[in-house]
Amino acid sequence: MAANEEYEDSELSFSRSRRFKNWLKNAFTNPYNILVFISVVALGILVVWPLLQMVFSTFQLAPSEAKRVHGTAGEFTLYYWQRLFHSQVSQNMLYKPLLHSLLIASSVSVLSILIGSLIAWLMVRSDLPAKGFFSMAVIIPYMIPSWCKSMAWISTFKTSRIGGTAGLLSYIGVTVPEWLAYGPVAIICVLTIHYYAYAYLLVSASLRSINSELEEMGEVIGAPRLMMLRKITFPLVLPSILSAFILIFSKSMGTFGVPAFLGMKVSYYTISTMLYSNIKQQQTNMAYAISLILIAIAAIVIFINQRVIGTRKSYATIGGKGGRSNVLSLKKAKAAVVIILTLFLAAAVIMPIGTLILQSLMLKLGDFSFENLTLHYWIGKGTPDIFNSEPGVLVNPQFYQVLGNSLKLVVIASLIATFCGQMIGYVNSRGRHLFSGRLVEQLVFIPYLIPSIAFGAMYLSMFSKARTVTVFGKVITLMPSLYGTFALLVLVTAVKNLPFSSRSGTANMLQISTELEEAAHMSGANFLTRMARVILPLSKNGFMSGLMLIFMAVMKELDLLVILISPKTQTLPYMAYSYTSGGMDQYSNVVATLMFLIVFLIYWIANKFFNADISQGF
Amino acid sequence: MSNIVLKNIDKFYGNNHVLKNLNLTVNDGEFMTLLGPSGCGKTTTLRVIAGLEKPQNGIITMDGRIVVNAKELFFEDPGNREMNLVFQSYALWPHMTVFDNVAFTLSVKKIKKDEITHRVNDALQRMRIEEYAKRYPSELSGGQQQRVAIARAIVSQPKVLLLDEPLSNLDAKLRVDMRSEIKRLHHEMGTTIIYVTHDQIEALTMSTRIAIFFEGVLEQVDEPMKLYQNPASLKVADFIGNPRINFIDGTGTVNTDGSLTIDSIVGQMTFGKEHLTENIPSAGKFPVVLGIRPEKIEIVTAGTANTTTGAIYSVQPAGADTTIHVKVGDEIIIAKKIGICNYPIDAPVGLKIEPDHLNVFAKESGKIIKTAVLEQ
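Chains as they are written, first to last, in my numbering: chain A, 1 to 618; chain B, 1001 to 1376.
Incorrect hints may have been included.
[Said to hold, decoys possible] So, partial list: chain A residues that the calculated Cβ filter (under 7 Å) puts toward chain B:
id, residue
1, Arg-18
2, Glu-515
3, Leu-516
4, Glu-518
5, His-521
6, Met-522
7, Ser-523
8, Gly-524
9, Phe-527
10, Arg-530
11, Val-534
12, Pro-537
13, Leu-538
Calculated directly from the structure, the hints in this document are not laboratory data. Ideal Cβ positions, reconstructed from N, Cα and C, are used throughout, including at glycine.
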């Protein structure tokens, strides 16, 4: 070939060693490669390793069980899996809770989607009055942690037989059946009131993105409204409905707070509360095995999701901007719709918040009379006859310590998660067509698969003792024991939130044209300069809105942290949870109310100043 | 100032071979335009030179210094090539003022503050945008943004200035102004410029030489007027010129004395050996295509000696010139006259074609076999 001959003729000689040297230099100085390397190593240590570690420990005999099964600690065993799947306790330990969880998850998903989609449609496509007010009100449930709602539920419905004191309804003379106060119905109701907001956010975003021309086309052909809804609109939003289903299903499968509040007292266990009680009883390896089952279910659900809607997802964004579409007149139904919606919102928003506040003001639970109201639990000094002189929350130094802890955790973890999310977003956006980019994208997605409580269990397994290796007689600590430390909480929170932060980071980075970076590169700026002076300043807004979203999520986080928190490292949700566990509901309500105020404030700031889209945050 | 040599450059995107064994030399102080239809590899070539893309094969040298040696995986960092690039999208940093955008390169190089101020103001003045120094890019019009982008690229006095379709986002009037602006800039600074465009007018009017690409292959490198008068192939001939060149099928015969006789609807012509290229077959009859520029066709009274007779098909006066379509047999031949003129439709006319000024291409290879006598 002429081309090759010319090359041989040229004065340049080819050197294999120079090629190798350059290869090394390119591989190790390319910032993209460095970022990929760091991401893969970090995710390997923080996600893959703990997961494998947890898998392994379910096959390893723990010292506590060694005697019982006549084995030696640490040897390979199928004891836990056998015990879980095939023993006298299997029924109570696995099958019943699993059935309960599946029942709850499927009912909650179906109900939430029905309610959420209906409201979404009303909000986007009908001439509902006062849309501004309603659209604000319907997402408030998202800001109230689900366990706060279950506290409100209890104080409304509980009967003196189980709860010790009467709830609001019993007090005013309504006989509340037991199945309504505690158990599956209560759990399903509370979770539905919580998760419908997710369905609403996803479906309404999808409805808005549909180009109304598609519907107008149907109108031109002369299709009746209802038929258009069924044949055109519904198929178009179907992908978002399905993804809402998956999201809600896997979230309610793994949720801990609500079934803990509303189920454990009547021995109604779900898989997540079973996991928790196993850990509390030091049966950690059993708990890990249960976690793996939870993870497997979540993974299967998400796999099916990708199979089913993976290809159809594409047309959810057809039309992009959408347009002004003609809204459907509700005509005579308008008044009825408004009343029903208002009642629903009253039940979902005002009732929980109202009950929380009301109960926090009640000296004695169950007594809803005016004389019983007090600010004791807010600002009281503490008297020996009320809960062993526990002072009111606002004058309790411990509260401020916990508040400080919470804020510290939230700020540090969300900053770390958001910053790492931006970096991973950079890798994802620049490496979209490369194997390395997709690998990082897949790795960072793993924490999303793992329900919060299982993720917490995983970190417990990973960090309960120091990981060391012995090299030439020297012991090197690969990973210190972090159990009980604040650092562990930061770590677990940051890693669990990486899927969200890197998703918003990717979206953010995709908005920054590569040419802006190339222009800086041409100007002689090295990678760090380009990051510091071009990319990060440009991603500031996305950074802030991503930060706010994670901030809100972390503020109300209970499931993830509940098994990792030690007395020194309490957070607000945990404080509320432990007050309730101790029967000190009023204190718990005060804490929950304060926390809701903080979350609402953050939401307001995020929405007002950073234009944050909260549907990115779950 | 610098000369750049590209040797055997190959660039693949996956299995897509976008640059095919490219060899190109850009001389010191030259204004080299890379021209071609979209997707032909011209922008990729520019990005390979800039260092933003790494070729899989080949060597690039600047003044003899190797900046790319693909076989040894050596790629000089873009920042160390003493080049700068003006992007098609301008790629101005939206969070910096005009001054900061232009000062960026200098501040990265750790140059003293007062010198930066001095040089930035100089560059802004040169591009006549000094009054916008404190504005942000979003507060400027497209033309002003363009000037900022050029100021940013020239402030560091690069040896080579690369421009990627810089005028394509401007409206027609601004484009003409910017053309003269860039040409003047080249004259004043004497920097080597490599300019990418798909607009033949830009290429013809501004460059010292044009490299024309089709599908990743460099088809011809020549001075603009040579390229126009003697396009190396049918593809080049078809791409250059507006209105487009007339192609007329014919038959070529190589005579015993080495001359070439062509038969076609515009008559029989014979060309002496001195006008022929080495692409011509050694003997025999073969199909050819005549390429005749519209302005080289004169419209005369029908029946004049040595003319081809046709009928007026349509007349399109545009003020400065008039484009006339004439039907000869089944073919339409386009002629262009300076100024305003008019002919009745279907009127018979004679077409006078100067054999010296036409090109002949071998139909099979598409290569030029008879060159035109160059006008200067």
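Going back to the hint list, which numbers does this structure go against?
Numbers 9 and 10 - these are the hints that the structure violates, sorted from lowest upward.
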